[in-house]
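Peer 1: One-letter residues, chain by chain:
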Amino acid sequence: MPQDRPFDLLNKSIGQQVMIRLKNGTDIRGKVVSFDAHMNIVIENAEEVEEGELKARLNTILLRGGNILFISPV
Amino acid sequence: MPQDRPFDLLNKSIGQQVMIRLKNGTDIRGKVVSFDAHMNIVIENAEEVEEGELKARLNTILLRGGNILFISPV
Amino acid sequence: MPQDRPFDLLNKSIGQQVMIRLKNGTDIRGKVVSFDAHMNIVIENAEEVEEGELKARLNTILLRGGNILFISPV
Amino acid sequence: MPQDRPFDLLNKSIGQQVMIRLKNGTDIRGKVVSFDAHMNIVIENAEEVEEGELKARLNTILLRGGNILFISPV
Amino acid sequence: MPQDRPFDLLNKSIGQQVMIRLKNGTDIRGKVVSFDAHMNIVIENAEEVEEGELKARLNTILLRGGNILFISPV
Amino acid sequence: MPQDRPFDLLNKSIGQQVMIRLKNGTDIRGKVVSFDAHMNIVIENAEEVEEGELKARLNTILLRGGNILFISPV
Amino acid sequence: MPQDRPFDLLNKSIGQQVMIRLKNGTDIRGKVVSFDAHMNIVIENAEEVEEGELKARLNTILLRGGNILFISPV
Numbered sequence: 366m367p368q369d370r371p372f373d374l375l376n377k378s379i380g381q382q383v384m385i386r387l388k389n390g391t392d393i394r395g396k397v398v399s400f401d402a403h404m405n406i407v408i409e410n411a412e413e414v415e416e417g418e419l420k421a422r423l424n425t426i427l428l429r430g431g432n433i434l435f436i437s438p439v
Numbered sequence: 366m367p368q369d370r371p372f373d374l375l376n377k378s379i380g381q382q383v384m385i386r387l388k389n390g391t392d393i394r395g396k397v398v399s400f401d402a403h404m405n406i407v408i409e410n411a412e413e414v415e416e417g418e419l420k421a422r423l424n425t426i427l428l429r430g431g432n433i434l435f436i437s438p439v
Numbered sequence: 366m367p368q369d370r371p372f373d374l375l376n377k378s379i380g381q382q383v384m385i386r387l388k389n390g391t392d393i394r395g396k397v398v399s400f401d402a403h404m405n406i407v408i409e410n411a412e413e414v415e416e417g418e419l420k421a422r423l424n425t426i427l428l429r430g431g432n433i434l435f436i437s438p439v
Numbered sequence: 366m367p368q369d370r371p372f373d374l375l376n377k378s379i380g381q382q383v384m385i386r387l388k389n390g391t392d393i394r395g396k397v398v399s400f401d402a403h404m405n406i407v408i409e410n411a412e413e414v415e416e417g418e419l420k421a422r423l424n425t426i427l428l429r430g431g432n433i434l435f436i437s438p439v
Numbered sequence: 366m367p368q369d370r371p372f373d374l375l376n377k378s379i380g381q382q383v384m385i386r387l388k389n390g391t392d393i394r395g396k397v398v399s400f401d402a403h404m405n406i407v408i409e410n411a412e413e414v415e416e417g418e419l420k421a422r423l424n425t426i427l428l429r430g431g432n433i434l435f436i437s438p439v
Numbered sequence: 366m367p368q369d370r371p372f373d374l375l376n377k378s379i380g381q382q383v384m385i386r387l388k389n390g391t392d393i394r395g396k397v398v399s400f401d402a403h404m405n406i407v408i409e410n411a412e413e414v415e416e417g418e419l420k421a422r423l424n425t426i427l428l429r430g431g432n433i434l435f436i437s438p439v
Numbered sequence: 366m367p368q369d370r371p372f373d374l375l376n377k378s379i380g381q382q383v384m385i386r387l388k389n390g391t392d393i394r395g396k397v398v399s400f401d402a403h404m405n406i407v408i409e410n411a412e413e414v415e416e417g418e419l420k421a422r423l424n425t426i427l428l429r430g431g432n433i434l435f436i437s438p439v
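Chains as they are written, first to last, in this note's numbering: chain F, 366 to 439; chain S, 366 to 439; chain A, 366 to 439; chain L, 366 to 439; chain P, 366 to 439; chain U, 366 to 439; chain C, 366 to 439.
With the rest of the complex left out, here is chain F:
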């Protein structure tokens, strides 16, 4: 039984809703479309949330992986 690796979580998240906490404290919520080895991620129906409050609807975004603190399936 091979051990799961961190990117397996991203793989299973394709087409699913996630919450992404950025290093600057902002949360991005939306559906994962694709990702690459740098954790660059395309999110559909992205929403920007600050302090739990919806700040902006962003449609589709390409988020650079280096800005990410963590990703959590919701």
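What the hints contain is simulated information worked out from the structure, not anything from laboratory work.
The model shown is predicted, which means the values in this text are computed figures rather than measured ones.
The beta carbon of each residue, even a glycine, is placed where N, CA and C say it ideally should be.
Be aware that a few hints might be false.
Label pairs and their calculated CB-CB ranges [unchecked claim]:
1) N424/U - N389/F: 36 to 46 Å
2) V439/C - H403/U: 18 to 28 Å
3) E418/F - D373/U: 47 to 57 Å
4) G390/P - R422/C: 11 to 21 Å
5) V439/A - G430/L: 41 to 51 Å
6) V414/U - E409/A: 52 to 62 Å
7) V414/U - G431/L: 15 to 25 Å
8) R422/C - G431/S: 37 to 47 Å
9) H403/C - V439/A: 27 to 37 Å
10) E409/S - E416/P: 47 to 57 Å
11) G431/L - D373/U: 35 to 45 Å
12) D373/U - K396/P: 44 to 54 Å
13) R422/U - H403/C: 20 to 30 Å
Given the coordinates of chain F, work out where chains S, A, L, P, U and C should sit on it, guided by the hints.
Peer 2: Quick look at chains S, A, L, P, U and C alone, frame taken from chain F:
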């Protein structure tokens, strides 16, 4: 059917309007001319927007990818 | 007798509770599911703790290794 | 017809006036003499501008690419 | 007689007490268990000290090397 | 006629006076002794200048290239 | 006559007193024991100096090169 990857979104954005959120909080709006593997991007008719307000028209700019938080087609 | 190396501690922590101190001062507590060579870590039943106080329950998260100050088995 | 790439803009800027926005908010204006793959750039008759106001004339400078936010032909 | 190199100091510190000054100003004190080429270090009986005052006992920790300012045998 | 490259400016500066603006806003003035591909530079008779005022005479220094904003022959 | 390179200054500093200015503004004074290609340096009889005032005697330290602004023989 091959899965789309994040840079495919950039590829489809060539000639299209995008909004680019920078790490420093500034937004750049304009038309994508070209990009490379570091996400360095050339934008035409670029506008600098801060807090939703037009701050400067910049014509064509070459933006270093490392400053980007996310890119969103508009 | 081969000397233990730092990642051995992570290896032994799979399935165990750890406390992860982030560079931004936040603590993440939870059970290690997997990790990779960049110290990207998947944590189950993750809790976000600030100044010793529970701030949020996060379920499963994929934490980028570059944000970590230290990891401590609890 | 090969697609233009971001560094083509720099190539065409040799001998031309550009405005370079630095990450620290300062603008450098002057004529591009040369550049390399790290976007290190030599600028002639460089002027340092802060908040639209001329702060210093710098003659020729070698600017490290890592400090650049964007470059704009003027 | 070959010249000593910086990592030799770490090698001799295995099983010994050290004080580690972090970039954020915190001191970590404890016994070195292991380290790797990135200066990731496992410390036993680690204590967190701020402004000379004991702030927390941390048991065993895996500290990411990138956070270290200096290491001093005590 | 081969095009000059940014490091040619450094090459011509050996034995000459330069002003080096650091990322932290400090200026270092002095004579270039040597440099390498990381822009690490040895400066003789170095002077530290802050807000145009001489702050310290430093004799010879080895400056790490990563701290440099720009270098200007004077 | 081969040109000196920056690391030659470090080489000649072995066994000599140096002052090391850190990026965070602290000065470290002491005798160079060894160094490597990352400018990681071991300093003996190290003293921590802030604003010209002795803050702490540190004995031997291994200083990570990435924290260094410049090194000056004294």
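Peer 1: Return the numbers of the hints above that this structure violates; sort them in rising order.
Peer 2: 11
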